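Chemist: Here are the chains, one letter per residue:
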Amino acid sequence: MDILVCMKQVPDTEAKIVVNPEGTGIVTDGIKYVMNPYDEFAVEEALKIKEKSGGSVTIVCMGPQRSTEAIRTGLAMGADKGVHLCDDAFEGADSYSTAKALAAAIKPLSYDLILGGKQAVDNDNAQVYAALAEMLDISHVSIVTQLDVADDGKSAVAQREVEGGAKEVIQVSLPAVIACQKGLNEPRYASLPGIMKAKKKPIDVIDVAASGLSADEVGEKGAKLKTVKYALPPEREAGKVLEGEPEELATQVVKLLREEAKAI
Amino acid sequence: MPQGIWVITEQKEGKLKKVSLEMLSKAKEMGQEVTALLLGSGVEGLAADLGQYGADKVLVFDADVLKDYSTDAYTKVICDAVKEGDPSVLLGPATASGKDLLPKVAARLATGLASDCVDLKLEDGKLVATRPIYAGKCVVETVTPDASPQMASIRPNVLAVGEVDASKSAEVVKKDVNVSDADMKAVLKEIIKGASEKVDLTEAAIIVSGGRAMKEADNFKLLWDLADALGAGTTVGASRAAVDSGYATHDMQVGQTGKVVNPNLYIACGISGAIQHLAGMRTSKVIVAINKDAEAPIFQKADYGLVGDLFKIVPLLTEEVKKLKAQD
Numbered sequence: 001m002d003i004l005v006c007m008k009q010v011p012d013t014e015a016k017i018v019v020n021p022e023g024t025g026i027v028t029d030g031i032k033y034v035m036n037p038y039d040e041f042a043v044e045e046a047l048k049i050k051e052k053s054g055g056s057v058t059i060v061c062m063g064p065q066r067s068t069e070a071i072r073t074g075l076a077m078g079a080d081k082g083v084h085l086c087d088d089a090f091e092g093a094d095s096y097s098t099a100k101a102l103a104a105a106i107k108p109l110s111y112d113l114i115l116g117g118k119q120a121v122d123n124d125n126a127q128v129y130a131a132l133a134e135m136l137d138i139s140h141v142s143i144v145t146q147l148d149v150a151d152d153g154k155s156a157v158a159q160r161e162v163e164g165g166a167k168e169v170i171q172v173s174l175p176a177v178i179a180c181q182k183g184l185n186e187p188r189y190a191s192l193p194g195i196m197k198a199k200k201k202p203i204d205v206i207d208v209a210a211s212g213l214s215a216d217e218v219g220e221k222g223a224k225l226k227t228v229k230y231a232l233p234p235e236r237e238a239g240k241v242l243e244g245e246p247e248e249l250a251t252q253v254v255k256l257l258r259e260e261a262k263a264i
Numbered sequence: 001m002p003q004g005i006w007v008i009t010e011q012k013e014g015k016l017k018k019v020s021l022e023m024l025s026k027a028k029e030m031g032q033e034v035t036a037l038l039l040g041s042g043v044e045g046l047a048a049d050l051g052q053y054g055a056d057k058v059l060v061f062d063a064d065v066l067k068d069y070s071t072d073a074y075t076k077v078i079c080d081a082v083k084e085g086d087p088s089v090l091l092g093p094a095t096a097s098g099k100d101l102l103p104k105v106a107a108r109l110a111t112g113l114a115s116d117c118v119d120l121k122l123e124d125g126k127l128v129a130t131r132p133i134y135a136g137k138c139v140v141e142t143v144t145p146d147a148s149p150q151m152a153s154i155r156p157n158v159l160a161v162g163e164v165d166a167s168k169s170a171e172v173v174k175k176d177v178n179v180s181d182a183d184m185k186a187v188l189k190e191i192i193k194g195a196s197e198k199v200d201l202t203e204a205a206i207i208v209s210g211g212r213a214m215k216e217a218d219n220f221k222l223l224w225d226l227a228d229a230l231g232a233g234t235t236v237g238a239s240r241a242a243v244d245s246g247y248a249t250h251d252m253q254v255g256q257t258g259k260v261v262n263p264n265l266y267i268a269c270g271i272s273g274a275i276q277h278l279a280g281m282r283t284s285k286v287i288v289a290i291n292k293d294a295e296a297p298i299f300q301k302a303d304y305g306l307v308g309d310l311f312k313i314v315p316l317l318t319e320e321v322k323k324l325k326a327q328d
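From first to last, the protein sequence lines stand for chains A and B. Position one of the first sequence corresponds to residue 1 (my numbering), numbered consecutively onward. Position one of the second sequence corresponds to residue 1 (my numbering), numbered consecutively onward.
The shape of chain A in the complex, shown without the other chains (with noise of 0.2 Å):
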């Protein structure tokens, strides 16, 4: 199976993230980038099932030079090849404009299964993968926590996780997108062996041109949505701290809660 997995990289979830005194964006100097964390179950996921079936494993990023390291712990991990969506013209991009040059790098290629995280932990839209199929004109499966893909390739079943701790289980034609969740595997680690022979795979750069989109239509020119104001959310204050042995603590608390914060 030939399977592409769509990834980013984004600040790592260590990051204090600070607004710009001018309120549009963030400080960005000193921020740490990594893989972004739901996109390592898609890779791990892709490579389970080329370890299982044959086939290959794609890269697909798009993002500023600095995203070729996140590609490398792909192609680290065992995956074999990279496309990188490289050019000015890409920044500023929103889901829409995304998912539009992915498509554009992807649909040149040949391909069974597309995989990608469920969302990226920077803008948190939780889009892109559902936009991407409607533009390949092929399904999606969103939050998916299992994945079993029938022996022919051309079909799988896929649980995604709803309310309530319940999974629906939904049987899709391939190729199709599925949105990857916590818990449908383990991502492993990239080994010393696995960083030595990344270093040697191939990425292929698309630059707009390559692409076939025009400027226009892509990053921030070709969003649909449009980011005005940034600012960093109202501080939670520490409260009491109340003291006393556990008895007097339990009553305490609930006092409180029924008569000052009305919570109970």
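The set of hints was computed from the structure by calculation and includes no laboratory data. Small disclaimer: the values here were computed from a predicted structure and weren't measured. Idealized CB from N, CA, C, for every residue including glycine. Be a bit skeptical, because a hint or two may be false.
[Claimed, not checked] Cβ-Cβ distance ranges computed for the label pairs, FRET-style: (1) A/G23 x B/S41: 39 to 49 Å; (2) A/K255 x B/K292: 21 to 31 Å; (3) B/S41 x A/V169: 13 to 23 Å; (4) B/K322 x A/S53: 25 to 35 Å; (5) B/D183 x A/V157: 43 to 53 Å; (6) B/A195 x A/R258: 40 to 50 Å; (7) A/V169 x B/K325: 47 to 57 Å; (8) A/D137 x B/Q11: 27 to 37 Å; (9) B/D181 x A/E237: 54 to 64 Å; (10) B/A182 x A/A150: 48 to 58 Å; (11) A/T24 x B/A166: 28 to 38 Å; (12) A/K32 x B/K221: 21 to 31 Å; (13) A/P202 x B/A110: 25 to 35 Å; (14) A/E220 x B/K325: 51 to 61 Å.
[To be verified] Taking lysine-lysine pairs in the DSSO-like style, the calculated list, with each CA pair at most 27 Å apart, reads: (15) A/K32 x A/K167; (16) B/K83 x A/K226; (17) B/K17 x B/K285; (18) A/K50 x A/K199; (19) B/K126 x A/K221; (20) A/K16 x A/K50; (21) B/K189 x A/K50; (22) B/K193 x B/K174; (23) B/K83 x A/K167; (24) A/K52 x B/K185.
Following the hints, put chain B in place on chain A, whose structure we already have.
Modeler: Showing chain B alone in chain A's frame:
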């Protein structure tokens, strides 16, 4: 000229989800005609409730093929209706179904979608949506200046449900449902129910949550006992550390790589308060923290901090809550 605010409501097993009423209440404030979309099978009776919460008009799509949520069927029905009705604003819930449906609708309509919004306002016909990013470490305002309809998905349990106006009734329009087998590329085979029938974390009014200090899965029973005492609308959550240690299942995880919750009351038991956990519960109205370690970061964010042994305190809390409820 796009006109009117459309709200895609959600019902489950014939009952309207609370987020449907939250969205309608907000839509009503915006001063344009509000149309609710109701999809399902045998759900026409719910249209009356939608009117009382603010819908001027209800479009009812009632058919067997819509009984359970289906990406293909729901997308087609909604997109066809939008192309016909040309609304200015299209809102939907940021629930499991909504998060699956709305981005596909937005892409098909080539418009902008603000996901998982915590506030909305309409300024001169322009929808300004407020939404969290970086797991809530930052909050942004977004607009869709050049495309239509302006779409937003609303996080459940954040917006207020307005007053019911029993005198108000909506114009109910039954619409044809044109979905063929050929439209259905992904098919729901079955629904595997969750272990507990309790309210979902994202919709709960009160959450009792356990961390690694719970030591064993069985000890979560203490938290379930407290949750039961606190009543309906209460459920139990867990930190990532507890889930990774096998004390709780992943669907119970609250945090950056788990669920983002917004209850009235969050009781954190044996949870240290890592940034990633806080990201998932920082907007709770009231936070109670119980931890043996007085230096635990969670005490910086809790409204009421109890330094002590959760194994002693939690059962006592359960007793006190039962006493209180018995007097009510």
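Chemist: Output the indices of the hints that this structure fails to meet, ascending.
Modeler: 4, 5, 6, 7, 10, 11, 12, 15, 20, 22, 23
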